[in-house]
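*Asks:* Sequence:
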Amino acid sequence: MENLDWDVLEEADWLFRKMVRRFVKERDRINIEGVALPGMMILHKIIREGEQRLSDLAEQLDLTSGAITALCDKLDAAGYTVRRRKEGDRRTVLLGITDKGRAMFERNRSVGARCITLLFEGFEQEELTAQNRAFEKVIGNLEGFSEAILDLAKQNADEAPAPGVSERKQSRVSTQSRYLTY
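Quick note: the sequence shown uses this note's numbering, first residue 29, plus one each step.
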């Protein structure tokens with residue numbers, strides 16, 4: 029990381045955050061027969077794999093338990109899913125799909141493929157492969173991200189210099205950058 033151009037790093041950070049914000053903004057505008065796009069992913073997962081525990085859905089779809097609960101409440105209210113208690117473990121709630129939910133998903137099966145083609149059209153196979161590797165690296169770098177930043181903030185509050193952060197790196201974060209950073 030020492031020999032990377034700080035301006036390029038700031039641009040990568042800015043573009044990554046802009047991409048995430050833009051995707052979430054656009055995704056959240058999509059409502060298909062009363063179902064948000066993440067709700068469609070829930071229906072698809074149930075169709076592919078059968079009934080699901082809400083906690084498993086939250087983990088596998090990278091959603092909070094609150095977001096899963098809200099989405100599932102809407103799916104239930106629309107008659108697309110049904111919750112039931114697991115036999116032998118009444119604490120476990122499983123989410124299943126109704127015939128109405130299956131029919132709605134089948135009518136809109138093409139939505140998922142269209143999302144993918146819109147996001148990645150114009151890329152060559154090699155670019156997509158490189159992009160996939162880059163995404164995997166970023167996802168790996170996000171492991172422990174919040175803890176590391178919170179540790180640094182605590183160290184800063186204690187006025188102790190953060191281990192491994194050189195003065196040169198700290199001085200590179202400038203108010204003169206073309207990109208809005210943290």
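Treat the hints with caution; some may be incorrect.
To be verified - In silico DSBU-like cross-links for lysine-lysine, where the CA-CA straight-line distance does not exceed 35 Å:
| # | residue 1 | residue 2 |
| --- | --- | --- |
| 1 | Lys165 | Lys73 |
| 2 | Lys114 | Lys46 |
| 3 | Lys46 | Lys182 |
| 4 | Lys46 | Lys165 |
| 5 | Lys182 | Lys165 |
| 6 | Lys73 | Lys182 |
| 7 | Lys102 | Lys114 |
| 8 | Lys128 | Lys102 |
| 9 | Lys102 | Lys182 |
| 10 | Lys114 | Lys128 |
To be verified - Pairwise CB distance ranges, derived in the manner of DEER restraints:
| # | residue 1 | residue 2 | range |
| --- | --- | --- | --- |
| 11 | Asn31 | Gly168 | 18 to 24 Å |
| 12 | Gln159 | Asp35 | 19 to 25 Å |
| 13 | Glu61 | Val36 | 26 to 32 Å |
| 14 | Ala176 | Leu43 | 17 to 23 Å |
| 15 | Gly94 | Glu175 | 17 to 23 Å |
| 16 | Lys128 | Leu43 | 37 to 43 Å |
| 17 | Gly62 | Asn160 | 51 to 57 Å |
| 18 | Val139 | Ala185 | 44 to 50 Å |
| 19 | Gln159 | Asp117 | 19 to 25 Å |
| 20 | Arg81 | Asn160 | 25 to 31 Å |
| 21 | Val110 | Leu43 | 40 to 46 Å |
Quick caveat, the hints were computed from the structure, so don't treat them as lab data. Ideal placement from N, C-alpha and C gives every residue a C-beta, glycine not left out.
*Asks:* Hint by hint, which ones does the structure fall short of?
*Replies:* 2, 6, 9, 13, 17, 19
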